[in-house]
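**Student:** Each chain, letter by letter, is given below.
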Amino acid sequence: MLTVPVETQIVFAGILFLLGLIGLLVRRNLVFMLMSIEIMFNSAGLVFIIAARQWNQPDGQVMFIFILAVTAVEVAIGLALILQVYHHFKTLDVDAINKLRDEK
Amino acid sequence: METLIALIPGLPLFSFLILVLFGGKLSRRVAGWIGAGSIGIVAVLTLVVGIHLISALPGLKSYSVIVWHWMHAGNLNADIAFSLDSLSLVFCFVITFVGFLIHVYSIGFMAKDEGFTRFFAYMNLFVSSMLILVLSDNILLMYLGWEGVGVCSYLLIGFWYKEPANGTAARKAFIITRIGDTAMIIGIFILFVSFGTFNIQELMHLASAKWAVGSSIAVITAYLLLGGALGKSAQLPLQTWLPDAMAGPSPVSALIHAATMVTAGVYLIARTNILFSLAPIVQGVIAVIGALTLLIAGFSALAQHDLKRILAYSTISQIGYMFLALGVGAYSAAVFHFMMHAFFKALLFLAAGVVILVLNEEHDIFKMGGLRKKMPVVFWTFLTGSASLSALPLVTAGFYSKDAILWFAYSSNSGGVVLWLAGIVGAFLTALYSFRMIFITFFGEAKTEPTFRAGKLMTVPLIILAVLSVIGGFIELPASMGSVHLFSDLVNNTLPGVGIKDVENREWLFQIISALIALSGIYLAYRFYFKKPAYMESFKHSRLNHFFETGFGFDKVYDTVIVKPAVWLAEIDKKDIFDQLNISIARLTLLGNRLISLTENGKLRWYILSFAIGIALILTFMITK
Amino acid sequence: MILVTLILILLAGAFLAWVSGNFGQLWPRIIALITLATGLLLVVSTMQSVPFDNKWLVDIQYEWIPKFGIGMHLALDGLSLLMLLLTFFLGILSVLISWKEINEKVGFFHFNLLLILAGIVGVFLSLDLFLFYFFWELMLVPMYFLIGIWGHENRTKASYKFFLYTQASGLLMFISILALYFVHGNSTGIYSFDYNLLLGTQMSAPTALLIMSGFLAAFLVKLPVVPLHNWLPDAHSEAPTAGSLILAALLLKTGAYGLLRFIVPLFPEASVTFAPIGMALGVLGILYGAKLAFAQTDLKRLIAYTSVSHMGFVMLGIFSFNELAYQGVIMQMIAHGISTGALFIMAGQLSERIHTRDITAMGGLWKTAPFMGAIGLIFSMASLGLPGLGNFIAELLILTGAFKANILMACLGSLGLIAATLYSLRIMQKVFFGKENTTWKMNDLTIREKVISLSLVIIIFGLGLSPQPVIDMARPAIVKTLGTHNEKSIPMNEADKSKSDIKNKLFFY
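Chains as they are written, first to last, in this note's numbering: chain A, 1 to 104; chain B, 1001 to 1625; chain C, 2001 to 2509.
Next comes chain A alone, as it looks inside the complex (with noise of 0.2 Å):
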């Protein structure tokens, strides 16, 4: 079995959160704003993963069930949400749903 050290392991994790946030950041279509977003969740998941092999504690599994619940209840309701923005917008982009702000 490989031994692959915490640190990399974390840095993977970080790397992986960073892709998420790129995402997050850079594309405009909101359903792959949708992605990143658990791709983020994914990395999070990973980095309590590696917490439960580094001191043998079956909690770290548990928490990435639960996160893994959570995220399939998010993006539920986050589909369903979208769903409804494209009804309203007949666009995804993100850029053209601006109308929170002060219209002056």
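The set of hints was computed from the structure by calculation and includes no laboratory data.
Among the clues, some could well be false.
As the list claims (entries may be wrong) - Simulated restraints, written as ranges between beta carbons of each label pair:
| no. | chain 1 | residue 1 | chain 2 | residue 2 | range |
| --- | --- | --- | --- | --- | --- |
| 1 | C | Gly2024 | A | Ala80 | 57 to 67 Å |
| 2 | A | Ile22 | B | Leu1595 | 27 to 37 Å |
| 3 | B | Asn1601 | C | Asn2022 | 42 to 52 Å |
| 4 | C | Ser2049 | B | Lys1112 | 55 to 65 Å |
| 5 | C | Arg2448 | B | Gly1592 | 42 to 52 Å |
| 6 | C | Gly2024 | B | Trp1568 | 23 to 33 Å |
| 7 | B | Thr1560 | A | Asp102 | 52 to 62 Å |
| 8 | C | Ser2466 | B | Glu1571 | 34 to 44 Å |
| 9 | B | Leu1595 | A | Asn29 | 26 to 36 Å |
| 10 | B | Leu1595 | C | Glu2101 | 41 to 51 Å |
| 11 | B | Gly1592 | C | Phe2015 | 40 to 50 Å |
| 12 | C | Asn2022 | B | Phe1014 | 51 to 61 Å |
What the hints assert, rightly or not - With a Cα cut of at most 27 Å, we get these calculated DSSO-like pairs of lysine-lysine:
| no. | chain 1 | residue 1 | chain 2 | residue 2 |
| --- | --- | --- | --- | --- |
| 13 | B | Lys1162 | C | Lys2435 |
| 14 | B | Lys1112 | C | Lys2367 |
| 15 | C | Lys2367 | B | Lys1162 |
| 16 | C | Lys2157 | B | Lys1556 |
| 17 | B | Lys1112 | C | Lys2291 |
| 18 | B | Lys1574 | C | Lys2435 |
| 19 | B | Lys1575 | C | Lys2367 |
| 20 | B | Lys1575 | C | Lys2157 |
| 21 | B | Lys1574 | C | Lys2291 |
| 22 | C | Lys2367 | B | Lys1025 |
| 23 | C | Lys2441 | B | Lys1162 |
| 24 | C | Lys2291 | B | Lys1556 |
| 25 | B | Lys1112 | C | Lys2157 |
| 26 | B | Lys1564 | C | Lys2291 |
| 27 | B | Lys1373 | B | Lys1447 |
| 28 | B | Lys1574 | C | Lys2157 |
| 29 | A | Lys99 | B | Lys1603 |
| 30 | B | Lys1061 | B | Lys1210 |
| 31 | C | Lys2157 | B | Lys1564 |
| 32 | B | Lys1025 | C | Lys2157 |
| 33 | B | Lys1162 | C | Lys2157 |
| 34 | B | Lys1025 | C | Lys2441 |
| 35 | B | Lys1603 | A | Lys90 |
Using N, Cα and C, we set each Cβ at its ideal position, and we do this for glycine too.
Position chains B and C against the provided structure of chain A, taking the given hints into account.
**Tutor:** Structure of chains B and C alone, referenced to chain A:
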């Protein structure tokens, strides 16, 4: 006796109130006779009180009465109190008698005017204020009368208020005299703070006891009081308001701007003569101002073509004579000339009023002419007045009064040849412009026809004043002519005599010189204005004539140096620079608002980016701590 | 008891008026009138029954929040009595002039009016600093409503400005009050807001100056003093006539009252240090206010700036620290209230008829309305300080007192007399004389308006010709206020007169 004295200023005030409150309901006849009648009654009262006083002299010098207690706060005490002595008596006599004649005249003059009752109300208020001025025993009450006559002058000059130019003239008069009044009130402050009283007699005693002759405080106070006198009496440099004040009705010009208000300055200096004797340099300045004014006004009168403006400049000039006399210490001569001047100048203004009214509001003498045959009464009375003004020798009152001034201008301790010369040149000018007026207005061919004959209400006062202009002088004859000193004896109970240089009394020589000068002035007027040679026409259009006509350009100078900058200064800051400062604070805040609200642009990705940056910053902080 | 009654009557009247507004427009007016008339009678009865040599005529004290040293301490002396007379009298007039002018939300209008008056009465009566601040702020909000709801075109901006200026300066005053509380507490161990206890607090000079500045901020804004005067023209011109009347005649006087009652006795040395600046600000106000007044074309704005000018005299007088000047200050507070109040009433009557305040559209109005013209003439003459009217006595006393303290400032202040002539005559000329720029068909004054104007005329002449009752009433209060000061005066005899005094006289010599 005391109640009579209180009634003298009180009765016209009472009739003013009646006219104001009930004037709308009274008929014109009744209103006019209430107005004139109150002054007539006061004239009689003055006579009664005067006879009492004269018979009690020289033992009793004055009567006093306190009407009520005005105020006392701290050490400031002032009462409404009157005091009648020979000086006030002379002024009261002139104000009431000449005033009564002018009021009677006005019943005829203003008969067709819609503001008839308002006119008499204002005139009565004026006479009351003027009487308060000359009768008050404390300088604060005198200041009340002083301002009162200023207000009435403003109201009466602007009487025909619909014409904006009248309002401008009225405001000019009020503002210029107010400048003098402010100087005077500062002088009053100095006197009060130094001596703790407002009573004039007490002030004069304390001043002569505590202030040294020529001390700076006496000089400053004298200058300040002089400022007030200059404003009210229209002397240099505050003389520019009087010619414009002719916008008012002629009775107003006669009463206020000839006989009474403009002489208030003379009264003030005469009343406070002790203070002025403590400041000889100021007395010298008074004499010089008098001399300069009489010359400048004399030249200006020569170039005018509005009948009343000639008379206005003439008034400025004659008051210059009075100031000249005051300056050399000849107080009784100054007051004597005041009385004579009141008679003939009021006469001239009233007669001019008739001319203007009858010729349908024509003021330009070059559009008149030939009125000698058409208006004989007016002509002869006008001629008498002008002769008195020109000091026609021996037969006119003006001769005796002006002559006394000229003699003292030379012979008094502070007089000299220069002052006398100024007076003599002035006398020449006076004769010249007076008879210019006569020849152009009454002789030659008629250019405007009179529209009606003046009634008795207007002509009888003219005749009475003409008689007074002739016989008035006989109460004071110089040494060379019988030495009658009725007037100066009366007045010298209150005023100091004049100190004369130790020279031979060659007064007769001076009299002959002034008689010759007057006659030559009349003759030259005849040559220039009756014979009308060609060079007069070209002179009329010359630069020099124009310079004289504008009163030596004083108006223009004041306009450029004072009026225009002041108005400009007021205009540019109309919006108030401090307010702009505050508004700019408000605008800055709004600008800040607009800048910051740029960050609230509704874009989701912008918000996420700011989250990311924030988190990065916080993490950096936490790591580096 | 009577003092509390005065305030309570006003508060009760206010609520009653508001409620009665639901039953018609006449009820609130009548209730307000009755309330104010009762108040006036109560004040007059106090005048008769209490002699004038006590230090305080009436003095009552109740506990309020003893833990913090806050009590309900109300007291009346000659000065407050005069101010109360003025308040109730002008309050009655303000109800009378709004009779035809205010037609919406009449109940709420009178509620606000009476509440402002209650605040003013409280300000004049309270001797506990916390209570004073409470009433000071009480005057503020109803006035804001008065301007903001019933005012003219620019009322929103004017009401904001008024509110912000007064509130901000009031907060600075509150900080000062707290500072004084703590300083006193630290030095004596007694923590109290009571005026009598705070008199004579030991403070170092810088502390005193600092605390005094907080108070000064509030009073200088209220008085108003250039350069803090900017709220005044907007507030006065945009307020309804009753609002302008109460603002000019009463609210400004609370500033002067504050200076007399609090600054001078509480900070004897600091106020003397500030005096040269104070007098200079006064003179600046006199001249600058007059200059601005002269340039305006909005009649009410013009009159508002004349208020700035007249209050400059008050400032000049207060910092002269002698009895004569203080008599003048109190007289000016009353006379200015009457004369400027009357001018605002006249402006209101005009704008009710011709719906404009622009003097370039007026002219020649004497023909159509001679009675109004005469009233305007009398009060313009009062404004310029004509002897025989109350303002002359006030300005004379102030200038004489100032002359004793600082000759240069007094002379500069006297120039204000010339400046006043300029703007007063401008009012008369532009409104009543001259050509008619627009032909207005308007009525002369009605009986109600004549009664209002005549009562003011009688008072101003009374003050001018017989000011002694007012002077006598004010004297004990002035002696008490000046108690800690030495009378300032410059010796005027020859030996002591230094060259520098002469150089102050710029013109001659």
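**Student:** Compare the structure with each hint and give your call.
**Tutor:** So, going through the hints one by one against the coordinates:
1. Checking the proposed 57 to 67 Å range against Gly2024 of chain C and Ala80 of chain A shows it holds: the Cβ atoms sit about 59 Å from each other.
2. Roughly 30 Å separates the CB atoms of Ile22 of chain A and Leu1595 of chain B, a value that falls within the hinted 27 to 37 Å.
3. For Asn1601 of chain B and Asn2022 of chain C, the Cβ-Cβ distance of about 49 Å falls inside the hinted range of 42 to 52 Å, so the restraint holds.
4. A beta carbon spacing of about 60 Å between Ser2049 of chain C and Lys1112 of chain B agrees with the range 55 to 65 Å that was offered as a hint.
5. As the Cβ distance of Arg2448 of chain C to Gly1592 of chain B is approximately 50 Å, the hint placing it in 42 to 52 Å holds.
6. Checking the proposed 23 to 33 Å range against Gly2024 of chain C and Trp1568 of chain B shows it is violated: the Cβ atoms sit about 55 Å from each other.
7. Distance hint check for Thr1560 of chain B and Asp102 of chain A: the Cβ-Cβ separation is about 56 Å, which falls inside the suggested range of 52 to 62 Å.
8. Our hint of 34 to 44 Å for Ser2466 of chain C and Glu1571 of chain B holds, since their Cβ atoms are close to 42 Å apart.
9. For Leu1595 of chain B and Asn29 of chain A, the hinted distance range of 26 to 36 Å is satisfied, since their beta carbons lie about 32 Å from each other.
10. For Leu1595 of chain B and Glu2101 of chain C, the hinted distance range of 41 to 51 Å is satisfied, since their beta carbons lie about 43 Å from each other.
11. The hinted window of 40 to 50 Å between Gly1592 of chain B and Phe2015 of chain C holds, with their beta carbons roughly 42 Å apart.
12. A C-beta distance of roughly 53 Å is found between Asn2022 of chain C and Phe1014 of chain B, which places it inside the suggested range of 51 to 61 Å.
13. With a C-alpha separation of about 5 Å, the suggested pair Lys1162 of chain B and Lys2435 of chain C falls inside the 27 Å cut-off, and the hint holds.
14. Our distance criterion of 27 Å between C-alpha atoms is met by Lys1112 of chain B and Lys2367 of chain C, whose separation comes to about 17 Å.
15. Using a Cα cut-off of 27 Å, the hinted pair Lys2367 of chain C and Lys1162 of chain B holds, with the two alpha carbons roughly 9 Å apart.
16. For the given pair, Lys2157 of chain C sits about 44 Å from Lys1556 of chain B by alpha-carbon distance, which is inconsistent with the 27 Å threshold.
17. For the hint linking Lys1112 of chain B to Lys2291 of chain C, the alpha-carbon distance of about 41 Å lies beyond 27 Å, and the restraint is violated.
18. For the hint linking Lys1574 of chain B to Lys2435 of chain C, the alpha-carbon distance of about 24 Å falls within 27 Å, and the restraint holds.
19. Note on Lys1575 of chain B and Lys2367 of chain C: the hinted pairing is violated, with a Cα-Cα distance of about 33 Å set against a maximum of 27 Å.
20. Straight-line distance between C-alpha atoms of Lys1575 of chain B and Lys2157 of chain C comes to about 16 Å, which keeps the hinted pair within the 27 Å bound.
21. For the suggested pair Lys1574 of chain B and Lys2291 of chain C, the alpha carbons sit about 9 Å apart, so the restraint of at most 27 Å is met.
22. Taken as a hint, the Lys2367 of chain C and Lys1025 of chain B pair is honoured in the structure, with Cα atoms around 17 Å apart against an allowance of 27 Å.
23. Between Lys2441 of chain C and Lys1162 of chain B, the direct Cα distance comes to roughly 17 Å. Compliance with the 27 Å bound is thereby established for this hinted pair.
24. Pair hint Lys2291 of chain C plus Lys1556 of chain B holds up; C-alpha atoms about 23 Å apart against a cutoff of 27 Å.
25. Simply put, Lys1112 of chain B and Lys2157 of chain C have alpha-carbon atoms about 53 Å apart, too far for the 27 Å limit, and the pair is violated.
26. Simply put, Lys1564 of chain B and Lys2291 of chain C have alpha-carbon atoms about 14 Å apart, close enough for the 27 Å limit, and the pair holds.
27. Taking the CA atoms of Lys1373 of chain B and Lys1447 of chain B, the gap is near 13 Å; set against the 27 Å cutoff, the hint holds.
28. For a cut-off of 27 Å, the pair hint linking Lys1574 of chain B to Lys2157 of chain C stands: about 19 Å separates their Cα positions.
29. Straight-line distance between C-alpha atoms of Lys99 of chain A and Lys1603 of chain B comes to about 8 Å, which keeps the hinted pair within the 27 Å bound.
30. A C-alpha spacing of about 24 Å is found between Lys1061 of chain B and Lys1210 of chain B, which places the hinted pair at or below 27 Å, so the restraint holds.
31. Under the criterion of a C-alpha separation no larger than 27 Å, the hint pairing Lys2157 of chain C with Lys1564 of chain B is inconsistent with the structure, at around 34 Å.
32. Distance hint between Lys1025 of chain B and Lys2157 of chain C is unfulfilled; the C-alpha atoms sit about 49 Å from each other, more than 27 Å.
33. A threshold of 27 Å between alpha carbons decides the hint, and for Lys1162 of chain B with Lys2157 of chain C the separation of about 38 Å lies outside it, so the pair is violated.
34. About 24 Å separates the Cα atoms of Lys1025 of chain B and Lys2441 of chain C, which keeps this hinted pair within 27 Å; it holds.
35. For the hint linking Lys1603 of chain B to Lys90 of chain A, the alpha-carbon distance of about 17 Å falls within 27 Å, and the restraint holds.
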